[in-house]
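Chains A and B supply the protein sequences, listed in that same order. In the numbering used here, each residue carries its 1-based index in the first sequence increased by 529. In the numbering used here, each residue carries its 1-based index in the second sequence increased by 54.
Because the hints were derived from the structure by calculation, they are not lab data. You can trust all of the hints, since none of them are fake.
Think about it this way: if two alpha-carbon atoms lie no more than 20 Å apart in a straight line, the pair counts; the simulated PhoX-like pairs of lysine-lysine are:
id, chain 1, residue 1, chain 2, residue 2
1, B, K275, B, K375
2, A, K656, B, K142
3, B, K141, A, K656
Label pairs and their in silico Cβ distance ranges:
id, chain 1, residue 1, chain 2, residue 2, range
4, A, N619, B, R191, 24 to 34 Å
5, A, R538, B, R284, 46 to 56 Å
6, B, D205, A, S672, 35 to 45 Å
7, A, N619, B, V349, 50 to 60 Å
8, B, L354, A, E547, 47 to 57 Å
9, B, D95, A, Q746, 50 to 60 Å
Computed footprint of chain B on chain A; a stretch qualifies when at least three of its residues, placed anywhere within it, have a C-beta under 8 Å from a C-beta of chain B:
id, stretch
10, 633 to 644
11, 650 to 662
12, 714 to 722
In this text, a Cβ means the ideal position worked out from N, Cα and C, and glycines have one as well.
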Amino acid sequence: MDIPLIEIRNLTARYGDETILDNISVDIMPNRITVILGASGCGKTTLIKNIFRLYQPSSGSVKIFGREVTDMDELEYEEILKRIGMLFQNGALINSLNIFDNIAIPLEQHTRLPLEIRDRIIRVKLKQVNLAHTELLTPAELSGGMKKRAALARALVLDPEILVCDEPSAGLDPLTSASLDNLILNLKELLNMTIIIVTHELASIHRIADHLIFLDQGRVIFTGTLAEAKKSTLPAVESFFQVGTF
Amino acid sequence: MKYQNNILYLSGNLLKGSIPGLLKQVSHFTLRDLHTIDLQDVADIDSAGVAFLDEIIARTGREQVQIINKSPQVAQSIETFSSLGLKKPAVPARQSFFYQAGQFLYDWWDSLVWGTYLTADILYWSVVCLFRRKGLRKGAVINQGILIGVDALGIISLLSLILGLILALQSAAQLRQFGANIFIADLIAISMVREMGPMMTAIIVAGRSGSAIASEIATMKVTEEIDALRMMALDPVRYVIVPKFHAITICMPLLVTMSTLIGIFGGLIIAVTYLDLTPIAYLNQALNILTLKDVLVGLLKSLFFAWVIVIISSYYGLRVKGGAEGVGKVTTLSVVASIFWVIVLDAINSLIFYF
Ligand SMILES: Nc1ncnc2c1ncn2[C@@H]1O[C@H](COP(=O)(O)OP(=O)(O)OP(=O)(O)O)[C@@H](O)[C@H]1O
Ligand SMILES: [Mg+2]
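Excised from the complex, chain B in its bound form:
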């Protein structure tokens, strides 16, 4: 390469591999007055080579730079790959603070309204579909029941047992100091029935089934399956969401009951082995301390948790934007939101029933 009388003489091949080096060499010359590029000795050129020539021309700030002595092959490559005159797209300007704040509020309001509609829709059809089976897929509720309920049995049992063991073990030492061994039954029974059973089951269901619901619906939306259902005169809410709603309504109280029983059993193990209680004494004490209200409130609360999980997961699933990567995003959001609202609901519930 040399630069004489405002003419740049290039030689060799202008291919991807050699361009980085050539570009460095070129930046040593002041090319402001360049008017001609001589390609006498250039045999081969690819799209990177043409981009390199264009870059040199662009750096002169003028577009009337001649390229001479090019072979027909090279000339055609230049014509095919020329990037001169192609403009960079305009990056949209940042909006003002007030615009953004307004947009945020509007979006927030919009989601609220939309979410309310969806909730109403789901609740309405869940009740109506109990009596009218039209527009529901056959066997869907059972199918969903297996996915949401049966398949979760193992993990919920295991975690409830561990939780019962931990709760009992942590308090056993304290109770023992005061000779209050028998109160381990009160502690475990009440905490499992009122709080731990419903709460932990809800969190596991939100993580397992909530995420599955959100990603399934979001994928259906992204791949136009929801639109396809619509065009087959099926209501996506009825066809896809209602069966899940029914299934979770049945499964959740059952799961919570099981979780509670297993948790209490976990406590029993510690009571018998560590606090020298008999199983009969432990169970008697537990049954005595529990009221019907505790049990009913626990189950009622678990129903609300279940509905919140389905509605929130469906909401995020249907609100997916973009393609496959949007699915991942809304799934994460739905799990976070489900768990958040489960805990908030739990707090509200405690205020109402136990304050």
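Bound conformation, chain A alone:
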């Protein structure tokens, strides 16, 4: 519990001349659900992409599983990526493949499981996100929320140790959203998953958050538990819990 699973040190990210993230240092603890909060456009997606090397940070370092990844060799880094599942803000399903094949990609590429086992795993994951019977549809034939859930199934298919979700519940009805929250809680217990979630939904935060990270104007202004956050006197944090959403 004491050693952070992801350590971010002095991370700075820019687009051109504009500094989006300014010298950020935070730890993500194992087996916890960490929620990243902040106004729309404040750089949450950018933070996630910089942590996992999708963008090259301007400066700073990131350790995942206790290992420095900032300039790790590509093949070595792939081994780390296999232990991480990511749900992108807009799903990012491969358009030319149907849902089944989309979810099958990690299983096909990174395991030697026989076909019948893969088949079962995929169907279970789809059922878990309430998408049974959509296997043969293409992403273009799904609604926005359905795409997101299919993408979550893909992120979960290898039972990752770290799950990263960029706004999993945006565009979902409260019931589906609650059932996804339950799934996430359940998986955290069963697989000792560490989960990072970007969300604005107060209801969802109440259900799942162990730990909160508030971003504002490129800096981390608050980290702590939900109870601590509610007592915080920082204006940005206070107003969040008053208004309920940004």
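Since chain A is already given, all that's left is putting chain B with the ligands on it; use the hints.
Positioned in the frame of chain A, the structure of chain B with the ligands alone reads:
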């Protein structure tokens, strides 16, 4: 792992890495009468492990197989990841030959009707918008003119020069044998003005701008931009397609003229260096042989090519299906169709004017 008295005893961890091997071992047993799986020695299980258990149970053909001696953790995993009772989706049956043939004909007819409507729409608004600027984006025609015309100048000039050089060089040897050197000017002038200039420009424009138009419109369609325009009370045909239509109408004849001139210049280089003609003699001969009809027909034809390219590219762009990958497909289709119809039109044109 062992199998005794119809009980399967599993041990170790049932995780992704070990499942392929375990599944092989299991297939050595006849599991028809299996009624119990003992997980006494199983400590850890993931979704692949549960799928493995389900697969074993499914192979017995019965669903009443007990799983005993599981730890609470394992039990919960089994509950969460169980795939028993989840059915494979039904793959739609293949339709009969007649159904497919009918469907094909219907689709064909549907595209024809739809394409005709679109063509009429584009032509109508292109004329109307000349007089009424409402619903057009300011500066769009100039913008498109730069993309379609100005940016293509370099590649068209270069290729026309090369084409002129090749044509002249290939025929120079023959002409020389007969002392018919001066006729190189006739050959180059007529072939460039009547055929090569318009045709080659059209093919390059189809490849460059036709594909750009098709992919732009298809992307707009896929990302709901076309719908967004509609809801802002803008007509996508007027707002997106008409400016391209106007721009290509202006640019195409200019590009063709330039291509023709440069092609003739290419011929001149060979005539002077290889056939010992003077530039004046070459140009005089070329001007003498060309008729006004040749020039006008060449330019008129290039206009038709231009319109065909815009209409076909818009047609395919708007007919995109699916997501991002559909965009690639219709772009390819639009370029192929544009070039095909340019050549067919050219053939029709030759029949009308020169048969
Ligand atoms: N590719 C890019 N090029 C330039 N600027 C960008 C790019 N992507 C994002 N930005 C800028 O970076 C800032 C942060 O964007 P980011 O997508 O990280 O926001 P976010 O916190 O995830 O917002 P949201 O909650 O709306 O998803 C924004 O101001 C945006 O304008
Ligand atoms: Mg974002």
